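Since chain A is already given, all that's left is putting chain B on it; use the hints.
In order, the protein sequences belong to chains A and B.
Here the first sequence is numbered in the working numbering, starting from 371 and rising by one per residue.
Here the second sequence is numbered in the working numbering, starting from 871 and rising by one per residue.
For the record, the hints were derived by calculation from the structure and aren't laboratory data.
Given the structure is predicted, the values throughout are model-derived calculations rather than measurements.
Where hints are given, some of them may not hold.
Cβ-Cβ distance ranges computed for the label pairs, FRET-style [claimed, not checked]:
no.: 1; chain 1: B; residue 1: Leu956; chain 2: A; residue 2: Ala435; range: 24 to 32 angstroms
no.: 2; chain 1: A; residue 1: Arg396; chain 2: B; residue 2: Ala892; range: 19 to 27 angstroms
no.: 3; chain 1: A; residue 1: Arg397; chain 2: B; residue 2: Leu923; range: 22 to 30 angstroms
no.: 4; chain 1: B; residue 1: Ser1015; chain 2: A; residue 2: Pro392; range: 46 to 54 angstroms
no.: 5; chain 1: B; residue 1: Pro893; chain 2: A; residue 2: Pro392; range: 41 to 49 angstroms
All C-beta atoms, glycine included, are put in the ideal place defined by N, C-alpha and C.
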Amino acid sequence: MALVTYALRASFLLLPPHVETPPLLRRALRYVPAAVLTAIWAPELLVAGGELAISSGNERLLAGAVAIAVAWRWRLTFATILAGLAALHFFHWIL
Amino acid sequence: MLAGIVAFGVITGVAMVASGIAPLVAMLMSLVVFAGASMVAAAQLLASGTPALLVILTTVFINLRFMMYSASLRLHFGREPLGWRLLIAYLQADNVYGLTLMRYAETPDAPGGRDFFLGAALAVWLAWQLAVAAGILIGAGVPASWRLEFAAPLAFIAMTVPLLRDRAMIAAAVVAAVSVVAAHALPFKLSIPLAALAGIGAGLAFERSWR
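So here's chain B without its partners, still in its complex pose:
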């Protein structure tokens, strides 16, 4: 699992620098935001002249999944002291969430759940930050003719395609793609939040009509 994280961390670093973010700013972003997909998207949007407010709105959409993790982790950690919950919140990441839930699915009443989460999360956090740093160094040293900025949309394709496992999910993606292209002429990249809402609506509608 760490190999995948390292690979995506390196790509995130490379893509941020290739889109024109200064190396130090990119590293700082990685430390405070700690959410790869939204950082790559932000770098891409800033490069195409999107206003900061719209970049933040897009961040909210991309990172809404953390709200879902938050809701589900609360079932296990909701009664931990506040300080621990604040730390758990910062360390949430896709794969840590997946690992924790797998463990709870196997052994629902296992003790030490919090320590398991923190151990896995710290390993992922450290591997991620080192990988981003390596990516930033690579990205800063590679000529523009390699066109590494295209790694950003490719990384998103790699994240999206494995999600398309049922009709409702495919409907959400197809409707989002069609709407974003149809609305691409709108100012401030408003097409992205609009297409996201259309896609989510399509997913919900499909779920209703097929199940």
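Looking at chain A on its own, in the form it has when it is part of the complex:
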């Protein structure tokens, strides 16, 4: 992990000055964070026990929806996490 992370960070900094960055790569890299991060958190909300779980009984999905709303409105990392954890316990308690 350390090695691949460092290799990515060093990649272009170590190239000789005359090499150009391919434009398509530069454009594609823009979408990497949104696509990869979503691919990691979406199953945590939408899949339970190996099954698709889209229902009002899925406390993780409900808590995640609260967190998304908070993140959308305030863009604060800490508030999003606190709201999501509080919502998880709240939905666990009422369901």
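Only chain B this time, still in chain A's reference frame:
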């Protein structure tokens, strides 16, 4: 800005320990990898029994953005001596990159750019490592019934949502979410790299058709 870094560092420490990484290993990881999102993801994946090779592949995807920073920092630091470039590479972080570029946008020809970068980066690095250490201590002392492991996906939601500022970016996220769920039954969490590629493709396709 440091408050945000400290908050995310604490959460990273907590989430790693909550997913079952030993406290000392977690701290060592923070020192050598120094990339929060990929560490939280790795802890989560290892906890669900993902093979190491797939964890590394996911790390590559999550940290591809550093390649983008690398490409853009090269315009400013490409002619620095090799030793400095190696240090700059290790210290790259999202907010340091943002700060440096803001400064260059304001004063393109300002001298001392390298020292500005190193000063900001060292402050961020130190705040981050202390915050992770605090998070590891908190995580190790809190009972499992608090369900702090859910902080990991929540942290990713907090990072993703502010990125969704145009249609192409939203398309990338929605397609990634749909594909990862559709492919969730594949072995070794192959659904993650596949969904990432689908999302990136969707972003590029949308950009073409709307602009």
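Practice task
Could you tell me whether the CB distance from B/Leu956 to A/Ala435 stays inside 24 to 32 angstroms?
Solution key: violated, 44 angstroms
Exercise for the section: Hint says 19 to 27 angstroms; check whether the CB-CB distance for A/Arg396 and B/Ala892 agrees. Expected result: At roughly 39 angstroms between Cβ atoms, B/Ala892 and A/Arg396 fall outside 19 to 27 angstroms, so the hint is violated.
Handout entry: Whether the CB-CB distance between A/Arg397 and B/Leu923 falls inside 22 to 30 angstroms
Key = Once the Cβ atoms are compared, 28 angstroms apart, the range 22 to 30 angstroms for B/Leu923 and A/Arg397 holds.
Problem - Cβ distance range 46 to 54 angstroms for B/Ser1015 and A/Pro392, holds or violated - result: holds, 50 angstroms
Practice task
Could you see if the CB distance from B/Pro893 to A/Pro392 stays within 41 to 49 angstroms?
Solution key: holds, 42 angstroms
Violated hints, in rising order: 1 and 2; the structure is consistent with all others.
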